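Asks: Residues per chain are reported as follows:
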Amino acid sequence: MRSPLELVGAHPWQRAVFTTYSLSLSFFESAILDQLVRGGARSALILADVDGVRGALSEQGARRAGKEYNIEPIKVPTGVFHAKVTALAGEGECHVMVGSGNLTFGGWGGNFELFEHVHSASAADAIRDTSDFFDGLAEGLRARHGAQSECRDLAAVLRQTVEGVRGDGRIRLFHNLRRSILDQISELAADLGGATRLVAASPFWDGATAINSLCDSLKVDRVHVHAHPSGVVRGSFGSNWPKVSPKGKVVPVCLDHFDLSGDRRLSHAKAIEIICRKGRLIITGSANATRAALGDGGNVETSIVRIEEDRSDGWTFKPAYPLEQLDALDDDTEEEETIGILRATLEEDTLYGQILQPRLQGSAAAFLITSEGSRRLGKVQLDDASRFTVVATGLEVQILQGNRFTLRIENEHGRAEGFISFAAFTEISKRSGALASRLFALLAGTETPADVAAVMSWIYDNPNVLNRNLFGSHASAGTKSQAEDETIPVNLLGSSLAPPQPSQSAGNKNSQESWKRFVDAFLASLRERRGPFQGQIANPLGDDEDDEDEGGGTKEPARETDPWIKRSMAIFYKVFGALLTNENTQRFFWVAFDLAQYVCRRLEPEPAEVSSWLSTLVRMYDEGVVDVERRDTIAAATLLLHADDASDDGARAARLRLLRMKVAIEGACPDMGAVDGFRAALGAGADFEKQWERIRVIRTMPEQVQEFLKAIENNGPSSGYPDLPLNRDEWPTLERALEEVESREDFKVVPRGTRACPRCSYDLPREQIGNLRSKAVATAKNCCGLVLVCAEV
Amino acid sequence: MANNVIEELRVQAREAKEPSISPVPSIRLGGVDPLGLRQINFDLMDQVLPGLNNVARHIRPFMVVTWAWRRAIAIAQGSGRASVAVDAQLRDFVDRIEVIYVWSQLLRDPNADLPGREVIGPILKARQYSFGGEAWKKRREIRENSTSLMAAINYGPGLRSMGWLTRHPENPKVMEPAAWANLALDALDRALGDDLDHDAFSSFGKVMVKEDEVLRWGKAWALEKYTKSEQRIFTEALFGSRSEQLRRLGVELAIAASPTSSNVAAVRRRMAGLPSRLRVPDTKLATVANWRRVQCRQLFRLCLETVFFWVTLQLRDGPMSSQRLVSRFMNQTTGARKFATTAKWVGHHYDESPGPVGLLQQVESALQGDVGQYAPAVMQGLAFCLMGGFQDGAVIERHDRLPLKRARSEFEQRLDTKPFEFMRHVLESWVFAQHTYWSIGRGLADARARGKTILRLKVVLEDGGWTLTPGVASGSFPQPTADRLRTALSLAHECGFIDQVEI
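First to last, the sequence lines map onto chains A and B.
Using the working numbering, you'd call the opening residue of the first sequence number 1 and step up by one each time.
Using the working numbering, you'd call the opening residue of the second sequence number 1 and step up by one each time.
Treat the hints with caution; some may be incorrect.
[To be verified] Heads up, simulated PhoX-like pairs for lysine-lysine below, C-alpha to C-alpha not over 20 Å straight-line:
(1) A:Lys278 with B:Lys17
(2) A:Lys748 with A:Lys710
(3) B:Lys210 with B:Lys137
(4) A:Lys566 with B:Lys173
(5) A:Lys278 with A:Lys243
(6) B:Lys225 with B:Lys125
[To be verified] Chain A is nowhere near these chain B residues, computed Cβ spacing over 10 Å in every case:
(7) Val86
(8) Asp189
(9) Phe204
(10) Ala220
(11) Thr227
(12) Ala256
(13) Leu278
(14) Thr283
(15) Lys284
(16) Ala343
(17) Val460
Since the hints were derived computationally from the structure, they do not count as laboratory data.
None of the values given here were measured: they were computed from a predicted structure.
Quick reminder that beta carbons are idealized off the backbone N, C-alpha and C, glycines included.
All chains, please: the whole structure from these sequences, using the hints.
Replies: Here is the structure:
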C-alpha cells in the first residue's frame, strides 16, 4: 500500500494545503516539505490552530516557514481548529486526505491513526464538500484567520476539478462550519432506517457527555467502544475512556480491523461505525467522541463519511476489557503566561499583520525575534480588529538569506507572537517554479553542487531572469503634470485611519518589484565570501558521507567525487560563454563576473581555467558595462590578471588596460578583497601594493608618444618617453623630428586601430599593424616609409 | 516512476472500502553529525595540517600510485601508437597496480593499514585474478570512489596537494607524476627488478596474476620498507621545500612536540599551548594558536554533542519539556542552586589548567562512565570554550554552523541572566535548533538533488514536549573528529623524524 507521504511527493502539485491542530514544523520540513521538493510542488500552506502555531514557534531550528511555505494561524473562538485535511491540487485533478492525524510525526505514522484518501475522479461529492469547507473558512465562518483569499482560491480549484462530474453520494466530507457533525450523521442514519448498532473509537472522551449525545441522537442504548490493545495517545484534554452514562451502556470491545499484530503504536484514531436498518455509515476524521467535536459550536472538525446503502454486518470485534481510565496529562512546563498568536506578511519593507489571540488594541511595541535575541522595531497602533503595520527596513533581505524571524507585539495588556509570511514568495515561485527551493538555498548559503548545477542551467535557459535592465519602470518619470490639481474620491477619505493591508491590486508592479529585489539578493549572494564545498553538504559517491562514517570518524568528506561539481562546472562554461557574447555583454557582464567568482570560491576550478575566465572578463569590459561602484573591482581583476608578469611589458599592459577602463590610477591600490575568489583559485600571493605602485609609475607606449609630442611642441627633448628610442627602425626619424622642424613631416600621428598608411592608403604589413598596437609606433614599410605614432591609449 | 505512483494512488483511493490505517513510517534513519558542527573542524585543521587526511598515513602508497602513473605513461610512450585510451588503458593500468599492491600487502599482513580489505577478499580467496573483462570492469567502478588509493577519501587528496600527481592540462583524468619524484620512483623500479617485465607491469589490457607472484612482489615493495631516497623526497613534499607553508609549520610543530614520546594524545596536548610548556620560535606561534583553535572547537563540539546524546538517553523515559531537561541536567552539575547569575555559575566551572585537550579527554572519559558524569565534564568544557582566551583565526566560520565566536557572544549577552535561562538557551538554541536546522537542511539538500531520503532528526518537538523521533533509540555516541595528527606523526616517523608513534 502506498503511503500518504508518497502521495505528497508523487506529483508537482500546484497547491498543497494542510490543516491541523498540533503542528510540528520539524516534521513538516523534514518529511512533508522534503516530499514536496522531490515532487516539484509549487506552493504549500499550513492552516493551523493557534495552539499548534504556538508550539511551532518554539522550534527555532525549522527556518523555512513564511518563505518556502506559509503558516496561517486560525482562531476558533468557541473551541479549537481541529480539522486535519490535506488537499493536493494538480492540473485538472486533486487528492484530499482527511484523517485523525495532526501535522506531526505522531500524526503521520508515529501513532495509530486513520485516514481517508479521496480523489476527484472517484469521489466528486467529497471534493465538493471539501471545497465548501474551504469556502466556509474563506467566509470566516466560526474562525478568525488571514487566509481568506487562499481558502477561496483553493475552494475554486477543488470545485473545478469535479466540474460536471456527478457523484454517487457514497463518500462525503462532513464539516461543522454550518451544522454540527452529530446533526448531519443523525440525519443520514435516519435516512438509512435508523441506527441499530454503534461502534466508536476515540482517544479522548469528555466523561459521559458524548455517549449521552450519541445515544440520544441515534436512539441506541449502548455504544461499543474500541479498547485499543496498546492504549491511546494521552492528551491535555478529557480522559481516555468514557464514564458511565445514564443514557447508554458502554461495551468495551476490540475491533479486529484495528488489532494489527505487532503494532504497538498508541491509538489516536477516531472512528464511528453506525449500522442502520438499511445500510451502514463509517465516519472517520478529526472528531473525537466529545461534545466539542460532535455537537454544536465547539471545535472546527472534518470527517469523511462512507455511506453504504446495503445491509452489512459491519466491523467485527471481540470482547475486551475497558482501558484503565487515565486523565489528561498535566502540563509539566510551568510555563509563564500563554503567549497570543499573530499573523504577519512582509511586503517589501512593511509588515502588515493582525493579532488573532488575544484581541489587543491601542499602542504596542513590535519586536523581531531571532534565536539570538530580540530587536525592537518600533511602536505600532492596533485597530479594533487588532490589525497593525510596522516598517521593517532590510528584513526582506535577511529573510532571503535564510535567517529565521518571528514577530512579537506587546503592550501592557498582553503579547502575541507569530511567523512572518514573505509576500514575494508567490512571485518567486511563479517565476522560478520548482527551482525556488534551490534559489532559496543559494541565497542562504546552504546550496549543494546539485543546486548550483540546476541554477546554472536555469540561468542558461533564461538569462533574462537576471537582467535588471528589464525591470525599469514602464511609466516614465514626470508624465503626470505637477501643475494639475489632483482629485480623490470622497469615499476614500479617512481610510488612512485604518491600518493599510497588503495591496491586492498593485499586482504587476508589486510582483515585478518583488522579483527585482529577489534578483538583487541573488546576485549579492554570489558575491558573498563562501568557502569551497569540500563535501560539507555534498553527496559524494551518491551516498551519505556522514552516515558512512560510523566507524570512528576518520574519513573526511570528499569533494572531488561529487559528480555535481563536475556538472556544475560543465554548465558554467556554457553560461559564461552565453552571458559574454557581443550582444549580451552589456547586460550580463557583472552577472558573468560574479558567477565566475562564485564558481572559484565554491567549486575550486583549476587555475588555468580561472585565468582564462579572468582574461575574458577583463577583455570584454568596456564602457558599456561600467558600474561606477564597481570600477575598483575591475581594476583589482586587472591587477590580478597581470600579477604573474613581473616584466615592464606586463606592468605597461596592465596600466594600458586600466587607462582604457578609465580607472583612476593615481589613487590607492584597489581593494583586492573584491576579487578574493579569483585570487584564491589562482593561488596568487603577489604583493599587490608594490605591483600597483609600479603600474602608477610606469608609462604605456601611447603615453610616451604623448610625452614625445609635447616635447616636439616644446622644441626640446624630455625624459618622458624612455622606451621610444628602443624602436630602432623609427627612433632615428623621431629623434630627427625633435631637432629639425622640417623632418617632422617624416612621421604622422594616427588614431588607434590604424591599418593603412594615411599618406598612400596602402595596407600596412601585418607586423607593423602589430607594432602600432603594442609599441605605438610603426613604419609604412611597403609604401612611403612614413613613421606612424599613436597617442591614444 | 512518479506517474506510476500517482496512478497507483488513484486506484488505491478508488478501491478503498474502509478508512486506512496510517502506515508505520519507513524513512531510513541516519546521520552521525547531529549538530552539523563538523565542517568548521575540518576548516580549522586546514590551517595546521592542510593536504593530509586521517587515512593516508604511509609513504609507500603515495609512491606506488605515482610510480604506476609514471609506468603507464612510459608504456604508452613506448608503444609507438599515436594515442592511448585514458580510461581503458592508462587508468586501467593504474587501477591494476593499486589492486596488486594492496593484494600483495594483505598477503603479507592481513591487518595491513590499507583500504580495500573487504573488496579484495574474493581475490585473496581465489589466489589468482584476471585483470580484464566484465568482472574487473565492475570492480574498478566499485573501487573508484571508495577503496581506490586514488579516491578522495584515501590517498587522492594527499597525492595532489603534495604535488606527487598533477592533472594533465588537456585531460584532467590523466595524472602526471612529479619529475622531482623520479629518484624515489627509480628505487621502486629497482626493487621490482626483473619482475618489471611481467605483463602486469609492462602492458595494457587483460593480464592474469597469480598469488605466488604477488607474494614475491609484496616483499619487494612492502608497506614498511621505504628507501632512503623515498624518505628524503617524501620529506621535501611533506614539510620541506616543496610543502606549503602551513603544513610545513604544522608538521614541524608536531615533530618538535614529540622529542621523547610520540604518543599521539601527548603530542596533541603539547602542541596546543598552555598548559603545555613547549617552547616554540615566534614563527610557530601562529601554528600553536591555530592548533589550539582546532582543539577548542573539538571540545565545544564534543560538549554539545554530549548534551545531545544525554538528552536522547533522558527521552527514553518519554517526552519532556525543555524545562524538565534543563532541570535534570543542572541537577547533575554542581552549584546549580548556589549561583544567581550565568556569569557566576559558568565561572564556577571554569578551570583552564587542563587546557583544551585535557578537557576534551575529561569529556571522553565521562562518556565511558555513568550518564550522571556527563554534565559536570560538559560544563567544564563549555566554561573553558566560553570564558577562555580566544582569538579569531583566518577561517571563515559560517554563522549557521554555530562558531565559537557566536556562542561566546550569546553567552556574554546572558551573563546576568539566571543559570537556568542560559542552559535553556544552550539546549533550545545550540542543541535542538542546531540539530533541527542541520538535519532538515541536509535532508532538503538531498531532496533537491533527488538523493536518498534519510531522516536525520533524532529529537523532535511533539505534543508532549521533546521526544525521540519514531524509530530512534538514542543519538550516536559522541566522539571528537579525528584531527590528522596521527597521520602527520606516522608520516614523520616513516620519514625518520620520530622514533615511534603510539596511539
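Asks: Take a quick look at whether lysine 566 of chain A and lysine 173 of chain B sit within 20 Å of each other, Cα to Cα.
Replies: 12 Å, holds
Asks: Would the non-interface assignment of alanine 343 of chain B survive a Cβ cutoff of 10 Å against chain A?
Replies: It holds; alanine 343 of chain B is separated from chain A by about 17 Å at its closest Cβ, greater than 10 Å.
Asks: Test the statement that threonine 227 of chain B is away from the interface with chain A: the closest C-beta pair must be farther apart than 10 Å.
Replies: 28 Å, holds
Asks: Could you let me know if the closest chain A CB is still more than 10 Å away from the CB of lysine 284 of chain B?
Replies: 20 Å, holds
Asks: Given the hinted pair lysine 748 of chain A and lysine 710 of chain A, is their Cα-Cα distance within 20 Å?
Replies: Judged against 20 Å, a Cα distance of about 14 Å means the pair holds.
Asks: Does the alpha-carbon distance linking lysine 210 of chain B and lysine 137 of chain B stay inside the 20 Å limit?
Replies: Status holds; Cα separation ~19 Å.
Asks: Are lysine 278 of chain A and lysine 243 of chain A close enough, with their CA atoms no more than 20 Å apart?
Replies: 31 Å, violated
Asks: Could you let me know if the closest chain A CB is still more than 10 Å away from the CB of alanine 220 of chain B?
Replies: 29 Å, holds
Asks: With d taken as the least Cβ-Cβ distance between leucine 278 of chain B and chain A, does d exceed 10 Å?
Replies: 26 Å, holds
Asks: Hey, is threonine 283 of chain B genuinely clear of chain A, shortest beta carbon separation above 10 Å?
Replies: 17 Å, holds
Asks: Beyond 10 Å from chain A, beta-carbon-wise, is phenylalanine 204 of chain B?
Replies: 25 Å, holds
Asks: Was valine 460 of chain B rightly flagged as not at the interface, with every chain A Cβ beyond 10 Å?
Replies: Since the minimum Cβ distance to chain A is about 5 Å, valine 460 of chain B lies within 10 Å and the statement is violated.
Of the hints listed earlier, those the structure fails to meet are numbers 5, 6 and 17, in rising order.
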